[in-house]
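Asker: If you want the building blocks of each chain, they are given just below.
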Amino acid sequence: MKRTLKPRAREQLLGSLYSWPMGTWFTIFFIVPLAIIILYSFLKRGLYGGVEFELTLNAYREMLNPSFAMVVVRTIWISVLATLICILISLPCGYAMARSKHQTLLLFLIIIPFWTNSLIRIYAWIFILSTEGLINSILIKIGLIDEGLRLIYNNGAVVLVLVYMYLPFAILPLFTTIDKFDFSLLDAARDLGATKFTSLRKVMLPNIKSGLSTAFIFTFIPIFGAYTVPLLVGGKDSTMIGNIIVDQVSKTRNWPLASAFSMIITLASLVGVFWMLYTSRREEQLKKDGPKRTPQALESKVKAHHRAGKGVR
Amino acid sequence: MSSYPRPRKKSFSFSSTVLIFTVIFLFIPLFVVTFFSLNSAKGMQWEGASLIWYKKLIFDSPSLWTAFRNSLIIALSSSATAVVLGSLAAVGIKWYRFGGKSYITTVSYLPMVLPEVIIGISMLIFFSAVKIRLGMFTIFAAHTTFNLPFVFMLVTARLDEFDYSTVEAARDLGANERQTLTRVIIPSIMPAVLSGFLMCITMSLEDFVITFFVSGPGSGTLPLYVYSMIRYGVSPVINALSFVMILGTMIIAFSFRRFLKVVAASS
Chain A
1 MKRTLKPRAR EQLLGSLYSW PMGTWFTIFF IVPLAIIILY SFLKRGLYGG VEFELTLNAY
61 REMLNPSFAM VVVRTIWISV LATLICILIS LPCGYAMARS KHQTLLLFLI IIPFWTNSLI
121 RIYAWIFILS TEGLINSILI KIGLIDEGLR LIYNNGAVVL VLVYMYLPFA ILPLFTTIDK
181 FDFSLLDAAR DLGATKFTSL RKVMLPNIKS GLSTAFIFTF IPIFGAYTVP LLVGGKDSTM
241 IGNIIVDQVS KTRNWPLASA FSMIITLASL VGVFWMLYTS RREEQLKKDG PKRTPQALES
301 KVKAHHRAGK GVR
Chain B
1 MSSYPRPRKK SFSFSSTVLI FTVIFLFIPL FVVTFFSLNS AKGMQWEGAS LIWYKKLIFD
61 SPSLWTAFRN SLIIALSSSA TAVVLGSLAA VGIKWYRFGG KSYITTVSYL PMVLPEVIIG
121 ISMLIFFSAV KIRLGMFTIF AAHTTFNLPF VFMLVTARLD EFDYSTVEAA RDLGANERQT
181 LTRVIIPSIM PAVLSGFLMC ITMSLEDFVI TFFVSGPGSG TLPLYVYSMI RYGVSPVINA
241 LSFVMILGTM IIAFSFRRFL KVVAASS
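Just so you know, the sequences run in chain order A and B. For what it's worth, this note's numbering labels the leading residue of the first sequence as 1, then goes sequentially. For what it's worth, this note's numbering labels the leading residue of the second sequence as 1, then goes sequentially.
Treat the hints with care, since some could be wrong.
Unchecked claim - Under the rule of at most 16 Å between Cα atoms (straight-line distance), these lysine to aspartate or glutamate pairs were calculated in the EDC-like manner:
no., chain 1, residue 1, chain 2, residue 2
1, A, K209, A, D191
2, A, K44, A, E54
3, A, K180, A, E54
4, B, K94, A, E54
5, A, K209, A, D247
6, B, K101, A, E132
7, A, K209, A, E283
8, A, K180, A, E11
9, A, K141, B, E168
10, B, K42, A, E132
11, A, K180, A, D191
12, B, K94, B, E168
Stated by the list, open to error - The following label-pair restraints were derived from C-beta to C-beta distances:
no., chain 1, residue 1, chain 2, residue 2, range
13, B, I73, A, G143, 46 to 54 Å
14, B, P191, A, I135, 39 to 47 Å
15, B, F14, A, T24, 49 to 57 Å
16, B, I73, A, T131, 55 to 63 Å
17, B, F14, A, L144, 39 to 47 Å
18, B, I73, A, V271, 35 to 43 Å
19, A, H102, B, F14, 14 to 22 Å
20, A, E54, B, I132, 32 to 40 Å
Unchecked claim - Rough simulated footprint, nothing fancy, chain B against chain A, three-plus residues with beta-carbon under 8 Å:
no., segment
21, 11 to 24
22, 33 to 44
23, 62 to 73
24, 151 to 159
25, 249 to 260
Derived by calculation from the structure, the hints in this document are not laboratory data. Keep in mind the model is a prediction, meaning the values are calculated, not measured. Where a beta carbon is used, it is the ideal one built from N, C-alpha and C, also for glycine.
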C-alpha cells in the first residue's frame, strides 16, 4: 500500500500518539487488574481481608470443597440449558427476521427490551412471578388455586429470566448470519427433491455454523458469569459462580478464593472465544483460502455480534 | 426467487409464529409494569387509572434525583473520554504501523468478551490494592473502560469504508497533520463517533453490575437506586420509574433507527 512510502519513524510516532493513550488506559484499568486477580488467586488469604504475599494453591484447593463444587456444576447446567433454549428459539426467529420485509422494525422490537435496564427487566419478572404477583392473583381470581404458587425463587425462575435476558444475544448474530445466506440454495435443494426440513438441515445449517458458534458463545459467557438474576429471582439452591465471587469479596473477604473463581470464568470465556475464532477461521479458510490473523478475526466476530447490540453483559 | 410461485407459506409460518411469540414474550414484562404503574391501588387489583405513583416518584424521592445526577455526570464524562481515546486509537491502528499495535487491538476487544462480574471484581481489587478510594472517579474509570471497545469498534468499522486517498490528497494540497485530522478525518468519522457516544451513554446509564462493585458511599447511580428499591420488594413507584426508563430506552433506540438500517443492510 501507499503507506509504506512514508518515513518509518514518523509513522511510529504518529501511530503511537494516536493509539497508545487508549492502550495505556486498557493496560492500567484492564490488564493490570486482571493480572492482580491471577496473582491473588495464588496467594494466601489475609487475616482481615486482603492477601499475604505467600505463594500457595490453597484457593484452588478450597474450590474442591463439595458445596463449591456443587455450585460450579449447577452453574454449568443452568448456563448450558439456558443457552440451548435461547438458540432453539433464536434459530426460527433469525430465519423469520432474515426473510421479513420489515427488518428494521423487527430489529427495533428486539433491541428495545434488550437495551432496557436489566434490573427493570428482572423487577418486571419479580412483579409477574412473585407469590402475590400477577400470575398468582389472576389464577386465584378465576378460582383455579386457593393460595399462591411458588413460581419464583427456584432454578426454574432463574432459567426463565436468564433466557429472557439473553435471548437477543442469540437472535442478533443468528439473524446477521442467516440474512447473508443465499435462500435460492434452499429452492435448489427443494427442486432436487429434498424435504423442507432436510434442505434446512443439510443446506442452511452448514452455512450458518459460524453464526451458531458466535450466538452460543455470546449467550453462554454472560450467563455463565450471571450475578443479578440468581441473586434476585433464585432461591437458596440457585447460587451460581458469580454469586460466590461477590460473597467471597464482600462478606467472607476471602480474596484469593474470589480470584480463583474469577479465573475459572475468565478461562471459560477465553476458551469459548478461541473456539469461536477457530470455527470462524476454518470456515473462512474453506471459503477464501486466505490466512487470517487473530485480532482481525476476533474483531470481525465481535463486530458482527455487537453492531446492533451491546456488550456481553 | 419471486419467479418461483412455490407454496412456501407453511414453512415460513412456523418461524414467523415463533418470532411473533418471542416478541410478545420480550414485551410482556415491559407492558405489565407500565400498565400497573397507572393503577391507583397498590396491589394487583385494578382500581382505576391514576398518576399518583408518578407524582410520588417525581416529588417524593430526593435520593432518586441525586442518583440521576450522578448517573448523568458519569455517563457524559466517561462517554466523552471513551469517544476521544477510542476514535484516536482507531485512526492510529487503521493507518499506521507502530510498536504494540496488535497488543492494543487484542486488548481492546477483551473487555467485551468477559462477563461483567469479572471486570467489576478485578477493578474493585485493583482499586483497593493501589488504595484509590471508591467513588465517582472509580465509577468513571470503570465506565470508560467498558465503553472504549464500542467506540473503537464503531470508528474502525467506519474507517474500513473510508478512502485513504482523501487524506493523501489533503497532504498533497499542503495540509499538515493537524489540519488533516481536523478538516478531513474527524468530519468523515463523525457519524460513527456520534453513534458511539450515544451507545456509550446508553450503556453507562444502564450498567449495574460493574458500578455496584466500584461505587462508594454517596456515589450511587440510577441503577443502584433501582436495585435498592427492588430489594425492598414490589412497589408501584418502581413500576412508574420502570416506565420512565423504558421510555428513555425507546427514545434512544429510535434515535438509532438509521443505525439499525445499517445493521440490516450490512448483514
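Asker: With reference to the structure, classify each hint as holding or not holding.
Answerer: Status of the hints after comparison with the structure:
no.	hint	result
1	A/K209 x A/D191	24 Å, violated
2	A/K44 x A/E54	6 Å, holds
3	A/K180 x A/E54	54 Å, violated
4	B/K94 x A/E54	44 Å, violated
5	A/K209 x A/D247	38 Å, violated
6	B/K101 x A/E132	57 Å, violated
7	A/K209 x A/E283	8 Å, holds
8	A/K180 x A/E11	37 Å, violated
9	A/K141 x B/E168	74 Å, violated
10	B/K42 x A/E132	12 Å, holds
11	A/K180 x A/D191	21 Å, violated
12	B/K94 x B/E168	15 Å, holds
13	B/I73 x A/G143: 46 to 54 Å	53 Å, holds
14	B/P191 x A/I135: 39 to 47 Å	45 Å, holds
15	B/F14 x A/T24: 49 to 57 Å	52 Å, holds
16	B/I73 x A/T131: 55 to 63 Å	39 Å, violated
17	B/F14 x A/L144: 39 to 47 Å	31 Å, violated
18	B/I73 x A/V271: 35 to 43 Å	38 Å, holds
19	A/H102 x B/F14: 14 to 22 Å	18 Å, holds
20	A/E54 x B/I132: 32 to 40 Å	25 Å, violated
21	11 to 24	holds (count 13)
22	33 to 44	holds (count 5)
23	62 to 73	violated (count 0)
24	151 to 159	violated (count 0)
25	249 to 260	holds (count 4)
Hint check: violations occur at hints 1, 3, 4, 5, 6, 8, 9, 11, 16, 17, 20, 23 and 24; the rest are consistent with the structure.
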